[in-house]
Structures are given as C-alpha cells and as structure tokens.
Amino acid sequence: MKIAIASGKGGTGKTLVSTNLFQIVRKAGKPVILIDCDSEEPNDQQFINGNLIDEQLVTQNIPVIDTDKCTYCGKCQEYCHYNAILVLPEIKHIQVVEDLCHDCGACLYACQYGAITEKEKMIGAITKFEVDERSSLYESRIEVGVYSSVPLIREAIKDAGNGHFAILDAPPGTSCPFIATVEQADYVVLVTEPTPFGLNDLKLSVETLQELKKPFGVVINRAGLGNNAVQEYLAENKIQLLAEIPFDRKIAASYSEGVLITDSLDEYRELFVQLYKTLEKKAS
Amino acid sequence: MKEIVVLSGKGGTGKSSLSAALATLASKIIVADCDVDAANLHIVLHPENYREEVYVSGQKAVIDYDKCTDCGTCMDYCRFDAIRLENGKYLISETACDGCQLCERVCPAKAINMVEHDKSRWYAGDITNGKMIHARLAPGEDNSGKLVNIVREQAREAANEIGAELILIDGPPGIGCPAISSMTGADEVVLVTEPTQSGMHDLKRIVELAGQFRIHSSVVINKYDLNTRISDELEKWCQYMKIPVIGKIPFDRSIVDAMVNCQSIIDWAPDSDISNEIKLIWNKLICHETTRSI
Chain L
1 MKIAIASGKG GTGKTLVSTN LFQIVRKAGK PVILIDCDSE EPNDQQFING NLIDEQLVTQ
61 NIPVIDTDKC TYCGKCQEYC HYNAILVLPE IKHIQVVEDL CHDCGACLYA CQYGAITEKE
121 KMIGAITKFE VDERSSLYES RIEVGVYSSV PLIREAIKDA GNGHFAILDA PPGTSCPFIA
181 TVEQADYVVL VTEPTPFGLN DLKLSVETLQ ELKKPFGVVI NRAGLGNNAV QEYLAENKIQ
241 LLAEIPFDRK IAASYSEGVL ITDSLDEYRE LFVQLYKTLE KKAS
Chain W
1 MKEIVVLSGK GGTGKSSLSA ALATLASKII VADCDVDAAN LHIVLHPENY REEVYVSGQK
61 AVIDYDKCTD CGTCMDYCRF DAIRLENGKY LISETACDGC QLCERVCPAK AINMVEHDKS
121 RWYAGDITNG KMIHARLAPG EDNSGKLVNI VREQAREAAN EIGAELILID GPPGIGCPAI
181 SSMTGADEVV LVTEPTQSGM HDLKRIVELA GQFRIHSSVV INKYDLNTRI SDELEKWCQY
241 MKIPVIGKIP FDRSIVDAMV NCQSIIDWAP DSDISNEIKL IWNKLICHET TRSI
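Which chain is which? The protein sequence lines are L and W, in order. Heads up: the first sequence at position 116 corresponds to 116 in full-length UniProt numbering, and the numbers run straight through without jumps. Heads up: the second sequence at position 204 corresponds to 204 in full-length UniProt numbering, and the numbers run straight through without jumps.
Hint data in this document are derived by calculation from the structure and do not stem from the laboratory. Backbone N, C-alpha and C fix where the C-beta goes; we use that ideal spot for every residue, glycine too. Treat the hints with care, as some may be off.
Example chain L residues on the side facing chain W (calculated, C-beta under 7 Å, incomplete) [said to hold, decoys possible]:
| hint | residue |
| --- | --- |
| 1 | Glu40 |
| 2 | Gln46 |
| 3 | His81 |
| 4 | Thr174 |
| 5 | Ile179 |
| 6 | Thr195 |
| 7 | Pro196 |
This is chain L alone, in the form it adopts within the complex (with noise of 0.2 Å):
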C-alpha cells in the first residue's frame, strides 16, 4: 500500500502529516517507508533521524558528439524536441546544451554516422536511512540547478518495493514531479487549509486526481483559521475529509524546531492514530 501526501499549494502540511503519520505507524511497531519525494526541497529528515545505510546517486543520459564522425547534416537537431542540440553547418559547429536534454535517446536514433554516444550527467541522489529494523526514510535530493525531478523520484519510489506501507511526501503544484509520485500511488491524501488560495489549488489537486482516476480523501490543516468554504466545498462534492488538524501555535513552534508533534504534543497523537486507521482500511 503506497499513499501519498500532496498539495497544489505549497507549505499546507504535507511534511508535517508525512512525518507524524510515519511516527505512529512505526510506533505501532508496523513495517513502514517513508520516501521524500519533494526532491527540489525535501525536509523529512529534519524530523525522522536515523542511520544512514546507502546513498544511490542518479544520473542522466547525455549526447556526447564526436567531432571527426559528424557531418553536421543536423538530424539530431531536427530529432530533438527539446532544442538541446545546436547546430550551425555553415561554421561546422555543434553544440549540446546539457540543462535542456531530457535523456529521450532521439538524437542516438537520429545519427546514421555513429556520432553520437552518451555520457551519465549527475543529476541527483536518494540517500536511505534505517529508523529502526522495521522502518525507513528515504530521500531524493536533486542537485541545485537540475530542471526536472521526475526521474530521481521514480527511481527512489521504485525503489521501495511493493508490500510495505510507504507513505510518498509528494512534492507542491499539479505538474511532472506531482504526477510522478501520485500515479504510483494507490490512495492520495491531500493536505489543505481553509484559506481561498487553499481551496482554490485543492480544487486544482482534485481536478488532476479524477483525471487520473486515483482515489483519494482531504486532511485539513489549520483548521480555524480561514473560513468554512474548504469543509462546505468538500461537502457538496461528496469528498471524505479524513483529519481535521487544528491551528495552534504550539504546533508551529514544534514544527519550526524540527520535532514531531506526535511526540511532543500529546493531544495530537490520537488524530494520526485515527487518520492511520483511516488509511490502513483503505489498503483492504
């Protein structure tokens, strides 16, 4: 059973009801992974410690043009759709723009003189941490300045298996490194609050999620602070609101300091006691 943690907007609590549900998983003494899948920003490790066991670096496939092969009759230029091949016949040069290759294997394709060969770019990494003998954390960084983190986060998401329990902390918005961690999930949570920037990219979340079929329930975090337009919105479309989180500064002061509110604040164990319960029978 994967489940995975989103948002459309950024800074609702996805971390937060990530990190606090894997807590009371492992307490219960169930096997559980933890994968920070916001490989842009991740910030689980902040609040989970544990050992490190691996670290696997990820890389890229990028053209490597040799020179005295190429003919500079521009194929692979036309082949690319992503304009990260330059060339110019008239002065004999050609050029790879690295950041805009997307490792599709066209440009390979493309050339009839053997060319083109590949190297492996870096473009980040998944680091693996043991928690105790049941439970772990992984995290996919991407190196700063990488445009897509699509492929780290498939890797560390394969990675995991299937029969545990993983829970997936996806990262913000509705596009590539969003859709990369949902679709490999069976059930999404979707963490709001009830503010209008709040409901509006939940109403953009749930768009995307019916488009690709994914069940899917709402946590709403900081609850009281806004208004009632996100509860009366879930209502009228028959969406299950799973956990109601409420606003209280303790809890952003406990976050702040990077600990576990399931830890340090005793009335807030109950509620992920609940939403794991919640969760576990969506699994059966």
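Knowing the structure of chain L, use the given hints to seat chain W on it.
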C-alpha cells in the same frame, strides 16, 4: 524596465500575500503570476476584462490500433517507461509520455501520431494600477517552464503597452524547472522565508540557485516571531552570505483575514504594523533598484 521575482524554495511562506501587498503599493505595475501549477494572486488582485489564450504545452503519442502490428519497437525505444504491454495490446501512459516523438519515428507501421495538448491557458487582465498575467497548466501537462516564459513575455509586452517600469513576478515553490524559468533574466530576487528548520534548509538551496544565475537577492523573514531563535539564525546566516534582510514580518491573523476577504493586507489593514513593514520593504526594494541603476 525592472523585473523583480518573489521566490521562496519552501512553499507556503507567504510569497503571494507579499506579492499582492507590494503590487498594491505600486503606482503602475505589471504583475506576473508564474506559479502556473497553482496560481492564486488573481483571487486578491481581481483582474477584469480578461483575455484568454490557449497554450499548447506539448504533444503526446497516440497509437492507431488499425495500423499497429504489435511489434513492440516503440516500447523498446521509449526511455520514459510510458509504453507497456497489457493483454497483448501496447498502451501509452499519457502522464508518463514526455512527447519526445521517438516512438512515432521508430514505428515501422507508422501507427503512432503525436497529438497536441491544448488544455492549458494563460490570461491577461486589467487591475486598478496596471495589468496582471497568470496561467493554468492543465492537469498532468508538462513544460511548466515554457508556460512561465510565456507569462513573462506577455508581462513584458503589457509593460511596454502601458509604459510600466516594473514587473513583479510571483514565483512557484521549489527550485526546479518553473522556478528556474521565473528567475532567468530577472533583475532582483526577493526570497520569502520563515523561521523553521525547513524554511532555513530550503532558503539555502534557493540562494544557491540564485547564485548560479548571479542575480542580486534579498530576504524577507515572514512570521519571524513564531520562532525568534531561528529568525536570529537566519539573519546571521544572511549576514554571513552578504544577503540583505530587507524586512521581518510578524505573524498576525489579519493577513489571513485579508486573504479570506480577497484583499491584499495593504487594502485590508492599511495602517497595521504588517502593512507598515511591507511599505518599508517596498521602499528598500525600489531605492535599491535606483541606486543600482545609477
């Protein structure tokens, strides 16, 4: 013409609330909402006289099963794991397909066609003191960086049209493709952070990115009083990195009240401490721009 981009790395630190307030303070401005995944600024700035345009985000491969001979060549070549064999039939996952067109090229039966994705939109509208551009990337479509570029191009055109000297860009969270596109070629980056361990970690990554682009950055610490110890740490780190901290905004429910009432904090509570602090931030940004351009 100056382009100032508001970014944060971490989401939810208050980019859009700050952008809305800064936009309200300008006499003439173009606002570009470059969070094309989850645009929110229009909720507060109420653009009117909308112009809506289609954005073709890319193409996706589609198999014509009348022609398909089930040879599997397409699956062999696809590097995005977008093609799978299910019950003897090759299927293309729309979300995994990157639109590279290689399968169309390698198919010996010419059974694959590329179909344009045209569900994304961008919008331009009038606001009281200028114009705003925003966009909506359709669910699951990619090339958000390209859409950001279109929003920015449109913003520049609108600035020329009405003679605005300033473009304010509200950026997306993260440090990937849309954040990079929002930052490229901008004159100044304002980084909004919050006093949490996560905020600090994420700030360091976005500062590194801004450094790669050699863009002048400054920092605003939002909700600074939620953890004054980490706020102090943030300030010290910024000092060490020679990044000016141009404002510290306290946490106050009025900023949420303003949002709930779909107004910027400047319109909602013009004389509040928060509004006064944001006016100072605005002055520092504008003055800094003048001193730098002299």
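Status of each hint after checking the structure:
Restraint check, L:Glu40 versus chain W: the minimum CB separation of about 4 Å is within 7 Å; hint holds. Hint status for L:Gln46 relative to chain W: holds, with the closest Cβ pair at about 5 Å, below 7 Å. Satisfaction of the interface hint for L:His81 is found here, the shortest Cβ-Cβ separation to chain W being roughly 5 Å, below the 7 Å cut-off. Interface hint status for L:Thr174: upheld, as the beta-carbon distance to the closest one in chain W is roughly 5 Å, under 7 Å.
Given the 7 Å rule on beta carbons, the hint for L:Ile179 holds: about 5 Å separates it from the nearest Cβ of chain W. For L:Thr195, the suggested interface contact is upheld, since its CB lies about 5 Å from the closest CB of chain W, less than 7 Å. With a cut of 7 Å, the hint placing L:Pro196 at the interface with chain W holds, because the nearest CB-to-CB distance is about 5 Å.
Of the numbered hints stated above, none is contradicted by the structure.
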